[in-house]
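K.L.:
Chains as they are written, first to last, in the working numbering: chain B, 1 to 174; chain W, 1 to 102; chain P, 1 to 515; chain L, 1 to 521; chain V, 1 to 659.
Don't take each hint at face value.
[Stated by the list, open to error] Only part of the chain B face toward chain V is listed, based on derived beta-carbon distances under 10 Å:
(1) Phe90
(2) Ser94
(3) Val98
(4) Phe100
(5) Gly101
(6) Lys104
(7) Leu105
(8) Leu108
(9) Val110
(10) Asp127
The set of hints was computed from the structure by calculation and includes no laboratory data. We put the CB at the ideal spot given by N, CA and C, even for glycine.
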Amino acid sequence: METFLFYFLGIGLLTTAGTAIVLKNPMHSIISMIVSFFFISGLYLLLSAPFLAVIQIMVYAGAILVLFLFVIMLFDLQKSEYQKDKFTKFDIVSILLVGFGASKLVALVVTSNSVVNFSKAQSVSNDFGSVKAFAYSLFGASGVIGQHSFVFEVISVLLLAAIISAVVLAKKRL
Amino acid sequence: MVSLNLFIALGIVLFFIGLLGVLIRRNIIIIMISIEIMLNAINIMLVAFNRYKFIENNDGLTYSFFIIAVAAAEASVGLAILIAVYRKRKTVFVNKLNTMSN
Amino acid sequence: MMPIEPGILEQLGMIIPLLLLVVFASSILLIDVFAESEDRAYLGYLTAFFLFVVLIFVAKDFNNNNVSRQIFHSSIVIDKFGLIFTGIFIIAGILTSLGSIDYLKKYDIAIGEFYSLIMFAITGMSLMVFSTSLMTIFVALELMSLPIYALSGLFRVNNRSLESSVKYFILGSVASSILLFGMVLLYGATGSVNLVTIGNEITTKYTNLKTVLSSDPIIIIGMLMVFIGFMFKTATAPFHMWTPDVYEGAPTIVTGFMSVAVKAAAFATFLRVFGLSFNNDALLHLANGAISNTSWIQVLNILAIATVIIGNLVALNQRNVKRILAYSAIAHAGYLMIGLVGYFITKDPITYSALVLYFLSYTFTGMGAFIAISIFEPKDTNKVMLDDLNGAAYKKPFVAATLAIFIFSFAGIPPMSGFFAKFYLFKSAYVNAGLHIPVIIALIASVFSVYYYLRILVHLYMKKDYGDVDVKDYKTTAGSVIALSIAGFFVLYIGILPDQYITIIKHSFLSLIGG
Amino acid sequence: MFDWLTFITLFPIIGVIILFFIPKNNGTVIKNIALVVSVINFLFSLVLLVGFRANASMQFEINKVWIKNLGINYHIGIDGISIFIVLLTTFLTPIVILSAYNVLKDPTYKDKAKEYMALLLILETAVIGALISLDLILFYLFWEMMLIPMYFLIGVFGGEKRTYAALKFFIYTAAGSIMMLVAMFVLYMNAGGVSFDLAYIISHVHLTATEQGLLFLAFFIAFAVKVPMFPLHTWLPDAHVQAPTGGSVILAGVLLKMGTYGFIRFAIPLFPKVAVSYAGVIGIFAVIGIIYGALVAMVQKDVKKLVAYSSISHLGFVVLGIFAFTNTSMTGAIYQMLNHGISTGALFLLVGIIYERRHTKEIKEFGGLTKVMPLYAVIFLIATLSSIALPLTNGFVGEFLILSGTYISRVMQWSSVLTIFAATGVIFGAAYMLWMFKRVMFGPLTNEKNKNLKDLNLREFTYLFPLIVMIFVMGIFPNFFLKRIEPSVNSFIENNINTRVYAKNSRVTLKLTKNQKRSKR
Amino acid sequence: MSNNKAVIMNLLPLIPMFPLIGMIINGLIGKFLPKKLVHLIAITALLASFTTSVIVVSKLVGLPEDSRSVSIEIFKWINVGSFGVSFSFTLDQLSSIMLLVVTGIGGLIHVYSVGYMNGDKSYSRFFTYLNLFIFAMLLLVLGSNMLIMFIGWEGVGLASYLLIGFWFEDSANAAAGMKAFIVNRIGDFGFLIGMFILILTIGNLDFNSIKIAVDSGIITGTVATVATMLFFVGAMGKSAQIPLYVWLPDAMAGPTPVSALIHAATMVTAGVYMVVRLNFLFILAPATMTVIALIGAFTAFFAASIALVQNDIKKVLAYSTVSQLGYMFLGVGVGAFGGGILHLVTHAFFKATLFLGAGSVIIGMHHNQDMRNMGGLKKRMPITHWTMLIATIAITGVLPFSGFISKDEIIWRAFASHNTIIPWINYVLWGLGALAAMMTSFYMWRLYYLTFQSGETRLKDHHVVEHIKESPKSMTFALVVLSFFAIVIGWIGLPHLFYHGKGIFNSFHRWLEPLVSESEAKIHVVHNTGLEWTLMIVVSVLVYISFFWARKWYRKEISVNTKIWAEALKPIHTLLYNKYFVDELYYWLIDKLILQFSHKVLWKTIDYIFIDNIIINGLVAGGSKTLGFLVGLFQTGKLQFYAFVMVAAFFFIFYFMTL
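Only chain B is shown next, with the shape it has when bound in the complex (with noise of 0.2 Å):
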């Protein structure tokens, strides 16, 4: 049962993938993209990350790629527009070179013994990927640095900067 639910989720997403970067229309492409994002939180919870799973479709599928739309809306692109986005002899040989390239990689990996036979252990702590681990590691316990509270905060800086970074290059008139 799982190792259809695997297949089924691991192939939905390939596919969805693969035409959110095929189609011409970027709104459709942002749909087939946000579709693929159920399937990676399908994904987390086979791999038991269950507060992985809600933070994917609430940030990323809800946050970033409403983004999208509201800037793709912004644009209204015609469809004569962005129907120029024609395949080119050039695109061909960067397909092939990559498709080569990454079934060679994908056959050294997958055969490498740090990755090999590895089973899912059956019985996992209950808060393995639930808030509280995840609090446990971002805040710390009672007076101890959390594990990764220096990155939480630097990443709090960067967002400051990001916002900063949006405003000075959307201002109208400096």
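Fit chains W, P, L and V to the supplied structure of chain B, relying on the hints for placement.
P.N.:
Just chains W, P, L and V now, kept in the frame of chain B:
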């Protein structure tokens, strides 16, 4: 039972699909989306490794969480640039933007 | 090195410079909001002052604590190596902020955000240099890059500036994601992202390159991905293609900051990452103990030589000054890369101090040159062609003289610091690290570089005379004059008496090994 | 005791700093200050001469650590070989500055006097620095530093194709000396990687024959470009034709000597065996240079180019003298360096004077100037005679010593044949100089523009007069100079050639004449 | 006796000092002094040095025969390592003769040139150069080592350059001056190499140390031959022998007193003086001696043949000088060093008279030198006529006059001395000598008759003809004195054929005895007075025939049959007139060989095209620029292309690492 290397293979393929997206499409929006795909692929592999190999702590999970946050920041700046470009050049196609060359 | 977990306050106490940077960056924003006067010049001076304060703190830290400690669960380490490079970033920041006052006034851009973004970028850089875990490096990399993407797109009214920021953004993001991908693979193979643990894991599991390749290629791929990520940031040969366009498009001051500070940060982190985790014999030696000629050091060596050659050759027939300096930056990256290879081979204080001295000299020379060029930039063109400089020396003798000093320092002509930097770098690479062929190629290439450097001087001094130089708006206020004189003074001072700087740098080497 | 050498090197820089504060437009004040500074510097250098004892040791020596980490120390000193070239520099600079007074009058350079003077003073510092430094890198530092002022002198103040000529000059020398830098690295490494000091390296280095050969080649090329020797000389005519008068006087008077000085101070002591075994080949190139320079000079249309090619020919003599390794020839070579500086310096000043009056350097533009400018003609004649080595002028002493020394040298292969070919240079020299003198000074005064040329004014006479005096003084009383040069040359040959190359103490350099043999028996 | 030596010692350096001081004064302030004072200074300088040399020579005569050589060192000039040269003068028999000749004739010519040059505006410059010449000549003569002689040697070269090109407005004169200097320089080149050989073998250049080396056998035959051959090259340059004589005829472009002093009496004889000074060295090299003799004889014959047909009075005298020098070298070549010097002295006097006479004729004819317009000056310029007549008789070698004595001595010794290398050579030498003597008398009498007799002066411009009058006293005084000596001077050197006693008459040879006897003894000379008489008579007969021939043709108006003969000898005439086209050959040679070659090949191809364009601008600069351009093409500006290159590089490196 689904073993680790399946997840890793899936992650790598997804990563290269994203990379391919960047190389092929002219539309900047699509390029940004393919970058997001690449980041998601990385998240999947992170979670997979953490779940299968290093079950005792959840570093992988927190990393992927951070990556989502960073991706958000990146996307915001990227879109800001995109708006600025669109407002000035009225196009979102990258092959138009090659005024500078030797 | 014993990772200790002192209390939160004490750990925070150690990263005061970083905190100060963030606080000052945000305070600049607030001051900017409440200020009424349209003219934002005072912000430039204020930023310079703030940065100077941080510099004092860095210097204070540098002198007293001699043992470097890993803090925050060993995500970063405060050691002299990091402090020295933070110092370099801050110096670049001071020069940029001082130099940008006139430049922004010329394009009548009156925004405080410019300075806060600079400060954020500097925070990102120093964090990058301090960090010992790949995750912190990634986040710090983003913290550095985002403001730079914005800054390079500052002139929204100018196509080239937008283009440069688009290119830089997309290629930057792709490179960071490749870096991340490498990190994941390494995490998968070794279970942690801390550089030291990665290094130990690899050495415990494998003894030579052949076994690693056969049994666990994921490590090699991961390492390669990280390698590519850094190669992009340091603009080495095949990954340098974005540099000319981005440097030409971005505002000159930002280009200066990018070519000096961002490059230095990338190099320093590359040194830290590959010095700590991948410089073990598992990844370098063949079964029979000999250094394998397909190890990443060999790849780096080849790329370095390619960078030097491409950087110098293509610059020969460029007409745009910013593009010439872009290619010269690539060439200098090539020389630095040879020095870095030398360091990785020997890991001794001489090659290390040669490298850092080169950065110090390059900071002053690069920033000075770009500030001078920005003064000569005609209004609203975001383009400095060689012919725009004609006869400029007779309009602005001081600026032209300092530009001449920087040009000669780039070319490595004696009394300037460029000479000793280049001399020490090539001597350490040739004598200590035994890189005979790369040094000879680099020296020959640097003779070619004399051609395109002198072309700038030809236009400055020899093309026109007093009479016929038309009045251009080269007005300079105190900010750029101070910046140019600081840069000029240090270029000459290091050129004549480099000894004390070398000893300080050597002093900082001890802590690096401990990191 | 007061460190005179550093003082003399850095004193011009003080002059430059003073100049810096003077406003650009009052040119005369600038010129006077520059003149005063250079004259004072010359007087101080005379102090050197007074304090100089005629023995072989290195005098006024200072050896302080400069950059400990790189093993470079500030080791300076002068001996018989370098003292007079330093004096030549300090002697020529005030003359050049005085000659530059009206170069700066013509409109294109009207308020660039400050730059011109500053460049000349910096050039003086760089050259003296290079002459006195005994540390490889300190020498290399001054060697490269010389390029900047000369580059600007040619580039900013030169003729039409000045940028091309300046660039060619810069890149020729820079490219030449790159390999020298690599050679210095190898030497440093081979001598145990402790210091770049010349004496230290000479005593501690032990190289294989091939290594010595390659390194000598690297040093040789760097200095051969500067001399310039035959195949590497094409930069000199361009540089001279485009350079302003002052620039080309210093270029010919002093910069060219750096090449030959480099041979004596660095190339030969470091690699004596190679220098001796290749002496013949270098001798051939020197002789080619002599004859080639003379022949090509003969057909030049432009006076300055003619004098430029003549200095290629003269320096061919000097190189021949150096590589003959006899004390007569080497002393003669050093003495000839001084003579060439004075006679060619005078010639360039004279060409500059008629260029300032007529703004052309073509020989056919002139003719019959003696009638209009008699005093000029006399001085020009004396300079020409010194250049073609007429006895009782300085040129003769130098050339005679070189040729006689080379003839009796047993170290240089085919030395007698080379001497004979080199001596033909004496004939060609007379031919092209006198032919030029005839076409410029004698003959009917046909050209209208030459009719109302003014003769030398007082200023011009004052800066030519010392040169004329030196021509005769050095021609009639050479012993004053030779007495001081010779001990250093003897010790140079003794410990570089006799002991280190032939390893037996036979006085090999001089074919033992019969009566000397008899007296020895 | 010792005070004689002391007197000489402190007087000797004064001799060259006087002209030097004269030169300096005239040189520096001559332009501002009145004309009278200028020539006064110059003449007193000469007079002073003449009197001092007379005193000094008389003191020398006082010394005993064997120690008549006094030298004094003024200061050390150059000493480097083992090689030392010092400024030192030596007075011995040979240099005393030369001293008297130089200062004597020099003084007279100075007096003469007061008259000759009084019209000239750069008066002081002329006298400066004359004094410079005398100073240099005295150095040459008094120098006690080869180097001081070389200084004098080149010094006189310089003076002759300045004086030939004195009227520099006319570029022909300047060219002549330059030509003289360069040809001398070619000679000096040989001299220089000779000196090096001496330095190589004996370490220094003093004459007496050379003598010691020769006596002690250090200098072997071969070394001596090579050295002497090279010194002879130097002599050829200076004394205008066959290959290097071309400059002397052109040197006539200078003022006539210059030609008289430099190109007749003193400078050109320097070569002979040098050979005699080094007689002990030359004797060691029979090969060189033969060459000298041959060249001397051939030059005598060759130059005389050219002089036959020249129309310019000074050109005739110039070629006659070359021919007489040929005689001197013939004499010296066959070992008659004394005879050579005697001929030098006698020639100095009568040739100076001839030149000065020609000078006064030219002044009279208002600077017209062509003999075809002269004639009939006998009555207009009596003194010049008589003095020229005496000198002509002297030069053609008629018995009582000096010319005969010295020339005949040489011709006889040419015949009598036995040559080891080519035994029959002496007949050839004698033949050439005799023929040259015959031709000499022909062209001299042709000159005399054309200028002084052959009817009225043929000059077209009648106005000038009326005004021809005798030259002023200063000129005629010198002429008279010199012509007197032209007769008398020969007598002091009478060969023992005529006079056996110890008296004044053969004091000349006895005077030179100690210097040359040793080397002259080495040459075997046939003693057959009968043969000597017969040969002397044969030569005199030949001289008389050509005198009669010239007289017949040129005494009256140019007779009709002279024209017939001229037609018949047309081809030979043109050949001789154009000086065997030697000058044209030299010019073609120099132009083609040196100028074209160095212009086209050396400068244009090697320097300009090969090194500059092909290597520097072509390969280095051009190559790197095009390479840079090609690599630059990758910079297309398209973002996707950059990303593609990144990915491709990644895969390539990956492939490389996993190799």
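K.L.:
Each of the hints needs a verdict: does it hold here or not?
P.N.:
Hint check:
1. Phe90: holds (8 Å)
2. Ser94: Nearest chain V Cβ about 5 Å off; hint holds.
3. Val98: holds (7 Å)
4. Phe100: Cβ of B/Phe100 sits 8 Å from chain V, so the hint holds.
5. Gly101: Holds, because the Cβ-Cβ distance from B/Gly101 to chain V comes to roughly 5 Å (cut-off 10 Å).
6. Lys104: Constraint on B/Lys104 satisfied, holds at 8 Å.
7. Leu105: holds (8 Å)
8. Leu108: holds (8 Å)
9. Val110: Violated, because the Cβ-Cβ distance from B/Val110 to chain V comes to roughly 15 Å (cut-off 10 Å).
10. Asp127: B/Asp127 check fails; min Cβ-Cβ to chain V is 39 Å, beyond 10 Å.
Of the numbered hints listed earlier, those contradicted by the structure are 9, 10.
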